[in-house]
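Model the full structure from these sequences, guided by the hints.
Read top to bottom, the protein sequences are chains A and B.
Numbers 5 to 316, taken from our numbering, label the letters of the first sequence in order.
Numbers 5 to 316, taken from our numbering, label the letters of the second sequence in order.
Do not take every clue at face value.
When chains are identical, the list treats them as one kind, so a pair holds in a single copy or across two.
Only pairs whose alpha carbons sit at most 30 Å apart, straight line, appear in this in silico DSSO-like list of lysine-lysine [unchecked claim]: (1) K178 - K251; (2) K105 - K251; (3) K124 - K41; (4) K123 - K113; (5) K105 - K178; (6) K178 - K10; (7) K78 - K251; (8) K10 - K113; (9) K274 - K124; (10) K10 - K41; (11) K178 - K78; (12) K41 - K178; (13) K10 - K124; (14) K78 - K274; (15) K10 - K252; (16) K123 - K252; (17) K123 - K10; (18) K123 - K41.
It is worth saying that the hints were derived from the structure and are not from the lab.
Each chain, written out:
Number of protein chains: 2
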Amino acid sequence: MANQTKTTLLLNWYANPYHTPIFVAKALGFYEEEEIKLAILEPTDPTDVTEIVGLGSVDFGLKAMIHTLNARAKGMAITSIATLLDEPPTGLLTLESSGIKNFSDIAGKRIGYIGEFGKKIIDDLAQLAGIDQASYTSVRVGMNVVDAIGRQVVDAGIGFINFQQVELEALYGKSRLLRLDQLAGLGCCCFCSIQYIIPDRMLQDPQLIQAFLRATARGTAFTTEQPDEAFELLCRAKPQMRTDVYKKVFSRTLPFFSRTLLNVERDWNKVSRYARHLGVTDVQFDVNTCYTNAYVPQTPHFDLQPIACCLA
Amino acid sequence: MANQTKTTLLLNWYANPYHTPIFVAKALGFYEEEEIKLAILEPTDPTDVTEIVGLGSVDFGLKAMIHTLNARAKGMAITSIATLLDEPPTGLLTLESSGIKNFSDIAGKRIGYIGEFGKKIIDDLAQLAGIDQASYTSVRVGMNVVDAIGRQVVDAGIGFINFQQVELEALYGKSRLLRLDQLAGLGCCCFCSIQYIIPDRMLQDPQLIQAFLRATARGTAFTTEQPDEAFELLCRAKPQMRTDVYKKVFSRTLPFFSRTLLNVERDWNKVSRYARHLGVTDVQFDVNTCYTNAYVPQTPHFDLQPIACCLA
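As structure tokens, then:
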């Protein structure tokens, strides 16, 4: 059953508009109603998250689908229990002034990547495009591609259409985004879908998982149905979000929130094939071990009372 | 000895200029040299930190001296092993336009407080000043006093001279800070000193504690000796810090970093007396159980090689 002590959730990145449904559910008391005292934690380095969840140090986490799959394939004890964001479009982001118009233009350029996978993806795309790997330089920049472009450390790098592209345009001018899904012929950016994950020890407490997802589903419904109030609630918890840029990031992110929270079988299969293509997993690896929809509320809005405007 | 898995540090607040020594030590590889793979985590609600450290979910944490003392007095298994910030001046922060010039002017006003202690401190000061508790309204605003003043939810609230006052002036105009230490006759703001804390289970691993503090001491030395480069390293890890306001917060914070990292006996004793005065602890409580200097490097700079400018 729900704990009397704190339940911990480790975000995939610093708290930002992606996480509005969670902050809304907390601010409106949805977790409390489930007897969950939720402590939300943020990593300063997003690449730490999978291992910390795998160690069981926290109860819940958030992580991209491809990293979740990779962690499971490496034997880490983590499982995806739901989806936060479905397929936020991702691409090679650059300023128009860089002169990069097509992927082949990366020859001679410095390309920022997030982590292990970004590098594999870029190198794979280069190989597909017949570009010599020696002709471009890879620079690990984590999620900080905008700052790296601004400091002229890279000419382009991997970012999201609804996040880093918004920031880049606000800070440094007109930009271009070469979508990875189109370049790789994937048909979607599901490898970047953001999943709710748990360490396997949490499987002992199915009621807590269900309670957490019920509250989160209500927060997601409120966020997508009353977005202005939702963003204001985020800003009250994290006043650093009270900027025009983050407001725009929020608006651009709204279409990608998963209202059902369901893991999408098609996407997991697609990402599984892609990971195999990239040489990350072998043929034996069973993608069905990565996720479960057993805890997602079947009718997520069943208990969603109409909520009066909560803002003074 | 140092772990092969991640070592976790939970900050006392979102990552900000207060934490520059830690980000510097990480960026310059000081933790790596000690074989520590440090994962830095941030709370979205600072009041969660003590309990999460007490539960042993993380290896290291940061928390104000008075909260550390209070947690120990309540039986939580945490110990302060070092000091990050000595006595950052704290006070009742307000806009000049509020008309609050003296503490007695809070009558009829809405006063923001951080948490449990802030409220006790305000009520105690009001009592000392002979102000009726019914004559002012207390509003819990956490660390977000600037946003609360901006939204006109409160007329004044508790903040730091080197942080929220800098933000308030940048965002909303001329401000005033009535220092709590002066109002309460404390002689210092040591109750707000920020301590490095550990759960008691970590006492089993003294070498890890010593290694962590050696690396941190080097990061602190670099921060105070080469502040411009230090701030740039912080911004590279957390590009959200790359603003004029945070740069000023950093400059205003520099004088308060503890270069020795030592727990200050005088301050612990003073805070212990103050906590007793506030009715938080009883006479039997032994403040010496709260902290130890056993792990602080005796000569923190002994292995500090001169560091060439690391910035491209």
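Within, between, both or neither: how does the pair K178, K78 come out at a Cα-Cα threshold of 30 Å? Neither, since 40 Å and 56 Å both go past 30 Å.
Please work out whether the CA atoms of K10 and K41 approach to 30 Å or closer within one copy, between two copies, in both situations, or in neither? Classified as both: same-chain Cα gap 5 Å, cross-chain 26 Å, threshold 30 Å.
Please work out whether the CA atoms of K10 and K113 approach to 30 Å or closer within one copy, between two copies, in both situations, or in neither? Cα proximity of K10 and K113: none, with 47 Å in one copy and 34 Å across.
Regarding K78 and K274, is the shortest C-alpha distance of 30 Å or less found within a copy, between copies, in both, or in neither? For K78 and K274, the Cα distance is within 30 Å only inside one copy (19 Å; across copies 52 Å).
Classify it for me, K123 with K10: is the Cα-Cα distance of at most 30 Å met within a copy, between copies, both or neither? between (37 Å within a copy, 23 Å between copies)
Using 30 Å as the alpha-carbon threshold, which applies to K10 and K124: within, between, both, or neither? Classified as between; 24 Å across copies, 38 Å inside a copy.
Please sort K123 with K252 into within, between, both or neither, judging by C-alpha distance up to 30 Å. Classified as within: same-chain Cα gap 28 Å, cross-chain 36 Å, threshold 30 Å.
Up to 30 Å CA-CA - K10 versus K178, copy category: Classified as neither: same-chain Cα gap 45 Å, cross-chain 39 Å, threshold 30 Å.
As a check of your reading, is K10 near K252 (CA-CA no more than 30 Å) within one copy, between copies, both or neither? Neither way: K10 and K252 sit 32 Å apart in one copy and 35 Å across, limit 30 Å.
Given a CA cutoff of 30 Å, do K105 and K178 count as a within-copy pair, a between-copy pair, both, or neither? within (13 Å within a copy, 48 Å between copies)
Intra- versus inter-subunit Cα pairing at 30 Å for K123 with K41: between (39 Å within a copy, 22 Å between copies)
When no copy is named, should K41 and K178 be tagged within, between, both, or neither for a Cα gap of at most 30 Å? Result: close neither inside a copy nor across copies, 43 Å intra and 38 Å inter.
Violation of the numbered hints given earlier is confined to hints 6, 7, 8, 11, 12 and 15; the remaining hints are satisfied by the structure.
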